[in-house]
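Novice: Take a look at the letters that make up each chain.
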Amino acid sequence: MIEAENITKVYGEMEVLHGVDLSVGEEDILGIIGPSGSGKSTFLRVLDLIEPPDAGELSIFDVDVVKHSDRVVELRRRMGMLFQKPIVFNTSVHENVAMGLKYRHVSKDEIDRSVKEMLEAVGLARYIRSNARNLSGGEQQRVSLARVLVTEPEILFLDEPTANLDPKSAETIERLVMRMNRDRGMTVVMNTHDMLQGQRVAKRIGVMIGGDILQVGSPREIFYAPNSTRIANFVGVDNIHDGKVLGREHGITSVEVAGTTLYVGESPPKQRDRVKVIFRGEDVTIGVGETAQTSARNVLNGTIAEVSDVAPFVYVKVDCGFPVSALVTMRSAEEMALEEGTQVWASIKASTLHLIAESEESEG
Amino acid sequence: MIKGMNEIFQDNEIIQGFIQAIELIISLDPDVIEITLRSLYVSLSATFTASLIALPLGAYIYFNEFRGKRAVINLLQTLYALPTVIVGLAVFLMLSRSGPLGFLGMLFTPQGMVVAQTILIIPLITGLTVSALSGIDREMRYTIISLGSSQLQSIVTILREARFAILAAVLLGFGRAIAEVGTVMLIGGNIRGFTRVLTTAIALNTSMGNFSFSIALGIILLSVALVVNIILNVVQGR
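Chains as they are written, first to last, in the numbering used here: chain A, 161 to 524; chain B, 25 to 262.
Heads up, some of the hints might be wrong.
[What the hints assert, rightly or not] To give an idea of the chain B side of the interface with chain A (calculated C-beta under 7 angstroms), a few residues:
1) Glu-163
2) Met-164
3) Thr-167
4) Ser-170
5) Ser-173
6) Gln-177
7) Glu-185
None of these hints come from the bench; they were simulated from the model. Just so you know, these numbers come straight off a predicted model, no measurement behind them. Quick reminder that beta carbons are idealized off the backbone N, C-alpha and C, glycines included.
When you get a sec, could you build the whole thing from the sequences and use the hints?
Specialist: This is the structure we're talking about:
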C-alpha cells in the first residue's frame, strides 16, 4: 500500500526527516512511536500527500506520487487522516461529517444515510443538528473521526489521535479503528507517544527518533529486543550495561558485566565481543534470605541502594557490583520489607536478556 | 438670585440643543431624513463596491505565495489609517476638470463621493480579509486537504469557514466610510440637497452655531455606529 524510500523533508534550514524508509502492507496496523519533535507528524502528512517530500521516492497504491503529482487528489480521496487537535468546522455536526463526501460528489440521500450511520457508530447521533463547536473536545474528536471514516478510506492515518482526550472518547476511537481494520481491512498508520496504546492497537511498531525510523518490528521485538540503546532508552528499558562476550556453549552465551558473568539465551551479535546487555525491570525477580530454587540462570546478590514508588509498583535499585533496577509490586515490596540497605538476591532469566551490538552510536 | 430649573434649561445651549434635536428626529424633519439617507446611500454603495474588489483581492493575497507578500500585507495595514483628506485630495485631482478623469464630470457629485470612499476603505477590507482567512489555522487547512478537497473546494471551504470574520471586515469598512468627513467634504463639496451627508452637515451647522441640528445628526450617526457595532458583536460571537 505504502512504499516510502529515503523520504526527506526540509523546512527552511531544518531537515525534519532524514531519508526515512517505510513499507506498509494491506490490512496492517502500524504504530509509529517516538518522542515529540521526532518528525512523526510531518511524516504522516507526507504519506497522506498533504505535503510533498523534498527528496525520496514514495508510492501509494502502487502509484509513484512523485512522478504523478497530478493524481494526488484522486489518491488522497482513498485515504484519510485524523489529527491530534480536534478540528471541527463552524457548522452543524451533520455538515461536518458530510464534508468529505461532498468533496467526492456523493448524492445527498447517500450522504444523509452514511452520516447518520457513522454518527451512531461514534455515539453522537443525538447531536446531529448541533453546532460542532459547542461539543466537548472528546466529542469534537469523535466528529473528526466520523468525518474521516465515513469516506471509507483504504488507508487511515492517525496523528496522536487520543492525546489529551477523556478515556471514554479515547476508547471509542481505538475500538472503532480496530474494528474498521478487522471488518473492512482498512490499513492504519498511527502516531503515538503512548507506548501502551501502541502495544494495544498496533500489529507492528516503528520507532522514530530524530527524523528517522530506526526499527520496525512486532511490539514484542521493540519492547524486549530493541536494536539500539536509543530505542531501548525510549521504550523504557531500565537496565542497559556494557558487556564483553566470553563465549557460547550449549545454547547459552556468557557475557561479563562489571566482573560478573551473566548468562544470556540469545546468540551474540555477529563479529562483536563488545555489547550492551539490556533487560527490563519487570523481568527481574527480587527475593530476601535463602536464594530460591529457580530456573533462572542469573542469580545475583546485592544490597538495595534505592527504593522509589511508582504506584502500584516500586522501583528497587540493587547494587550487585553493577546497578540492577527491578520493578516489584508494592505488595511484595511491603511483604519483604524492602528498604535501603536490605540484602537481597536478584534473579534474571537468561531468556529475558538481550544483547545489542555496540555500534558507532555507542555515545547514546 | 437662585434660578429655577426651567431657567437653567432655557439658558443652557447644550440641553436646548438636545431637546430640539430629539424633536427634529421624532418629527422626521425632511432635511434630517434626506441627509441621513444620502449618507447611507453613499457609504453603503462605497462598501459594496469596495467589497467587490477587496474580498477577492484579500483571498488572492492569502491563497497565493509571491515575492513581497509580507510587504503587501504591511502596506495594507499601514493604509488602515490612510488620512481621509489625502484620499480626498488625490481623488479631487483625478476628477477635477483638468485631471485625467475630469471628463467623467464626477466632482461634486454623490458618485464621486462613492469613488473616494471606496478607495479609502479598500485597504482596510482587503487587509482584514487576509487576517480573517489567516484565522483559519494550519491544522484546519490540513484537515480540509486530507478530506480530499480539490483546490477550488479548499478555497470555498476556507472562505465559508471565515465568513463571519469576513463579514466583520466589511462592517468595519462601512463604519469607517460613514464616519469620515475628509473625502466627502472635498469631493462632494457639501452642496445642500445634493452632496450634503451627516458628517459634512454636522461640520457646517456646528460652525454656524446651529447646534441642535448638529446634535440631531450626531445622534443619528452614533446610532448607525451602534447598530454596526451590535451586528459586529453578534457576528464575532459566532
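Novice: Hint by hint, say whether it matches the structure.
Specialist: For each hint, the structure was consulted:
1. Glu-163: holds, 5 angstroms
2. Met-164: holds, 5 angstroms
3. Thr-167: holds, 5 angstroms
4. Ser-170: Nearest chain A Cβ about 4 angstroms off; hint holds.
5. Ser-173: Result: holds, 5 angstroms to nearest chain A Cβ.
6. Gln-177: holds, 5 angstroms
7. Glu-185: Where the cut-off is 7 angstroms and the nearest Cβ of chain A is about 6 angstroms from Glu-185/B, the hint holds.
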